[in-house]
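K.L.:
Sequence:
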Amino acid sequence: MACLYVVGTPIGNLQEISPRARRTLEECPVILAEDTRVTLKLLSALGITGKRLLSCHQHNEEGRARGVVQRMAEEDFDVAMVTDAGTPCISDPGWRVVRAAAEAGIPVCPVSGPSAVVDALSVSGMAVDGYAFCGFLPREGKERAQAFARLRRGGAPVAVIYESPHRVKRLMEDLARELCDPPVSLSCDLTKLHELTLRGSASQVLAQLNDNPNAEKGEYVCVVDVSAAQEEASQGVTVSAHGLLLERLYQGMRMKEAVREVSALPGFARNDVYRASLQVSQFLQARAEDGARE
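Going by this note's numbering, 175 is the number at position 175 of the sequence shown; the sequence numbering is gapless.
These are computed hints drawn from the structure, not numbers from a lab.
You may find that some hints are simply not true.
Stated by the list, open to error - Listed next, the in silico DSS-like pairs over lysine-lysine satisfying Cα-Cα at most 25 Å (straight line):
#1 Lys217 <-> Lys256
#2 Lys142 <-> Lys192
#3 Lys192 <-> Lys169
#4 Lys41 <-> Lys217
#5 Lys51 <-> Lys41
#6 Lys41 <-> Lys142
#7 Lys169 <-> Lys142
#8 Lys41 <-> Lys192
What the hints assert, rightly or not - Simulated restraints on C-beta separations:
#9 Glu62 <-> Gly243: 41 to 47 Å
#10 Glu75 <-> Arg270: 53 to 59 Å
#11 Ala102 <-> Val128: 25 to 31 Å
#12 Ser91 <-> Leu53: 38 to 44 Å
Ideal placement from N, C-alpha and C gives every residue a C-beta, glycine not left out.
Given only the sequences and the hints, what does the whole structure look like? Please build it.
P.N.:
Listed below in structure tokens is the structure:
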């Protein structure tokens, strides 16, 4: 009977490929790959030839899942599914293929491999009795604010966040502001030649990034100790809409943008935030007039 193999591949060091993963790639006639060019390089390095590679990425996964699973059921052949690095379906394409195969009664078998999440946790120096995997956080607006709110009230004491090199400094800034400047362990290019892990508070790690001319290279995995922020939230420590608005104005936001972002936070109604913005504007205008008279 046909089987779908979910195969973990190296995240950096080629020697991470397991004997079972290699054998699976050798024996399956069809390989689903996030980027066929990347997978072709891996197969070439392993000396594996004669495979049919089909792309399966975020833009075509739905259709590819239906087509491949239907053919597997009709023609009875095995398929190996890989991502560019690591294990498919973890902040990567693949889950739709797994779901379609399972619904069609086709066995789905994991072939264990490297994981950037586990690697980063293992070198973090934090006690990891439980953790929340967040993947990539939303980039802007209400969705991003809600993501930090979930971290503050979540149950897991440790969170794992993926981030791109061009936004990693902003992530450190947001962590420092939104989560009480928590302890973090920030890893880049795990298992590769220039592997790097920075540890300290979010603001300390930000300073290290600012001092590193190569900071905007590679992919980052951030392990965050969110326990202090969660404890503060559980004790009912509150902040006013006025304070949050002032904080964002200090960061350079316009009042309209600050109102929109604060209104997106749990517990802050838009009408209340709008009234607070009028009071803040009046306060700042009065301070400016007092300064001009002096």
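K.L.:
List in ascending order the numbers of the hints, as given earlier, that are violated by the structure.
P.N.:
Hints 1, 2, 6, 12 are the ones this structure does not satisfy, whereas the remaining hints hold.
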